[in-house]
Each structure stands twice: as structure tokens, then as C-alpha cells.
Amino acid sequence: MQVLVNGEAVATDAGTLNELCVSLGYADAKVATAVNGAFVAAGDRTATLLRPADKVEIVAPRQGG
Amino acid sequence: MLELYGARFSSRLLLGTARYPSPDILRRAVEASGAEIVTVSLRRESARARTGQGFWELIEKLGRRVLPNTAGCNTVKEAVATAHMARELFGTNWIKLEVIANDETLQPDLFGLVEAAGILSAEGFEVLPYTTEDLSAAERLVAAGCRVLMPWASPIGSARGLINRTALKSLRDLFPGIPLIVDAGIGAPSHAAEAMELGYDAVLLNTAVAQAGDPVAMAKAFAMAVEAGRLAFEAGVLEPRDIAVASTPASGTPFKIDHAS
Chain A
1 MQVLVNGEAV ATDAGTLNEL CVSLGYADAK VATAVNGAFV AAGDRTATLL
51 RPADKVEIVA PRQGG
Chain B
1001 MLELYGARFS SRLLLGTARY PSPDILRRAV EASGAEIVTV SLRRESARAR
1051 TGQGFWELIE KLGRRVLPNT AGCNTVKEAV ATAHMARELF GTNWIKLEVI
1101 ANDETLQPDL FGLVEAAGIL SAEGFEVLPY TTEDLSAAER LVAAGCRVLM
1151 PWASPIGSAR GLINRTALKS LRDLFPGIPL IVDAGIGAPS HAAEAMELGY
1201 DAVLLNTAVA QAGDPVAMAK AFAMAVEAGR LAFEAGVLEP RDIAVASTPA
1251 SGTPFKIDHA S
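Those sequence lines, one after another, are chains A and B.
Take the first sequence: its letter number 65 is residue 65 in my numbering, and every next letter is one higher.
Offset between the second sequence (1-based) and my numbering: plus 1000.
By construction, these hints were calculated from the structure, which means they are not laboratory data.
The reader is advised that the hints may include incorrect statements.
Some chain B residues flagged as far from chain A (calculated, every beta-carbon gap over 10 Å) [to be verified]:
id: 1; residue: G1016
id: 2; residue: T1051
id: 3; residue: D1214
Output of the computed footprint for chain B on chain A, the stretches with three or more beta carbons under 8 Å from beta carbons of chain B [unchecked claim]:
id: 4; stretch: 13 to 26
id: 5; stretch: 49 to 56
Where a beta carbon is used, it is the ideal one built from N, C-alpha and C, also for glycine.
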């Protein structure tokens, strides 16, 4: 299926948000996630099932004012 | 001491971490500023570039308290979700809450700001709202649970200083018990000193240091200005008056009739 990750279309076999993060290479990264505009805690990623066209955000610390 | 949500700080300067010429200059500027609180953001992370991972290592080495922002959020929903992501990512309940109304002026959306502040305060966040000098918005933010207010001096990055000094002074007078931090629009150390002389508790700035010719020296200049302004406020700044008042004693002036005797 296809999902949007950080605004870009990604084809994936991942069934859960955690599988998606691992398959994309974020397994050990300091990131936070949201699906369809709602925050998903790190501990909930395994239980968060993905559906086609889900909008996933994966963010990390960055410079800010 | 500056006290924000029960945490105490000796520095009254909060520094942003964006727009520096290099990570090393950022590190040296933070050290020169003496700031104990630095602002950070969160942004989309590329699994390949991993930009955020390196930045986080730098921030951790600085050893300062981080204040994550919700910069770029235009809606309550975005700001609330961003705050939750920031809380997990940075391990802090503190959030510099920004709900932006207009991308040209970066003016806060005060209605969305009050709504988001209420939601986040109820969820245990300690909200530091980026607001304007508007008094009714300030009242609503305090009623929503905010124990710190951060009015702008002028639009973010504009370097115009305190464009509505009178209103900022009113805000100070009307909220004596709430820590007030001037956030945004500070261009020069004199602007920071002016805010501190008005009795503001602290100043938050970024661009004025990051984009200075020598950011490290400018960070030091701001540290000195903030300290001078605070000391002046505590010492009691003279009120302006409309007529001249001679500082040299008139009594005993040569060639004059001395009325005092």
C-alpha cells in the first residue's frame, strides 16, 4: 500500500507504524511521530495499524527560535 | 532570580538556536550569552540525512534547559499535536506555544492560542505562550492556565524593538505576579535593556544574535544589556519630565543673588 511519510508518497508492506519506522531506517533515531494529524507516542507505534493513504509525520529536534 | 513554573534561573536571557552561520558559532554564542534556556523546534526528519540527530547531540552537549516551540503551526490541532511530539522528544512539559495567524507578520492567532493553551495546560503542559501585548488575550491566557506570558516586541525577525512600549508597560503593570518575557522583534541590545528597564522578567531572542556580524560578541552584548536593564529596573529608573531640572546646585552660583541664604 501507499502512505504519505513527511509529505512524500511511500510504498510499504509495513502493517504498523513501528514497522514503517524500522523499515525506513528510523529504528534507533530520536524521532516523534504523528498519524493523520494526531500524536502517536513511541510506546503506541507497535499497536498503531496503518491504512492506505495514512499521513505519517516523523520529526526530530531542529534549530528553533 | 528568574522563576518560571517553579524552576529558577540566574540568567534572564533566553536564546534561540536557529540561523547561526555554523554549529560551532551557535555553541560559542550560547556560552557567551550565559543563557540557561535555549529554544528548539522539531521538523520532518529524513532517514537518510538524519539532520536532527546531529543537532540533538550538539544541544545535549550545551547542557541548557530546552524550550521547544510550535513554530509554523497555524491551527490549534497542529499546535497541540506538535506540543505532544515535543514533550516526548525533548522530555519536557515546557512548550513555547505558537499559533500563527499570518505568515507575513507571523502575528499570533490569539483565539487559537488561548484555545490551545487551555487544552495543553489541562494535559499537564507548562505553557509559555508567544502572544501580543493585548491585555484581554493576556487575561484569557492566564485564565487558561498560563503562568508565564511572552508578548512580542515587534514581529519575529523584524529587529524593530519595542514598537508598542506603552502597551507593554501596561501589561507589566497589570500582571505584576506573572513572569513576562519579551519574545520576538528584539534587534539590538538597547531594545533588550529597554524591556528589562520596564520590569520585564526576561528577554527571548534569536535572530539579533544569530545574524549579527559576530554572533558570539553580540551574545555577550545582549547578556550585558539584559543584566544592565534588570539592575536599572531594580535601582529605580527616573521618570521623564517636561522641564529641565538643574543637576548642579543653584545655591552658591557665583555672580548671582543667592536666594537660598
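Now for the hints, and whether the structure bears them out:
1. For G1016 of chain B, the shortest C-beta to C-beta distance to chain A comes to about 3 Å, within the 10 Å cut-off, and the non-interface label is violated.
2. Non-interface call for T1051 of chain B relative to chain A: violated, since the shortest CB-CB distance, roughly 7 Å, does not exceed 10 Å.
3. For D1214 of chain B, the requirement that its beta carbon stay farther than 10 Å from each beta carbon of chain A is met, with the minimum near 19 Å.
4. As drawn, the stretch 13 to 26 of chain A meets chain B at 3 residues by the rule of a beta-carbon pair under 8 Å; at three or more, the given contact holds.
5. With a cut-off of 8 Å between beta carbons, the stretch 49 to 56 of chain A has 0 residues touching chain B; three or more are needed, and the interface restraint is violated.
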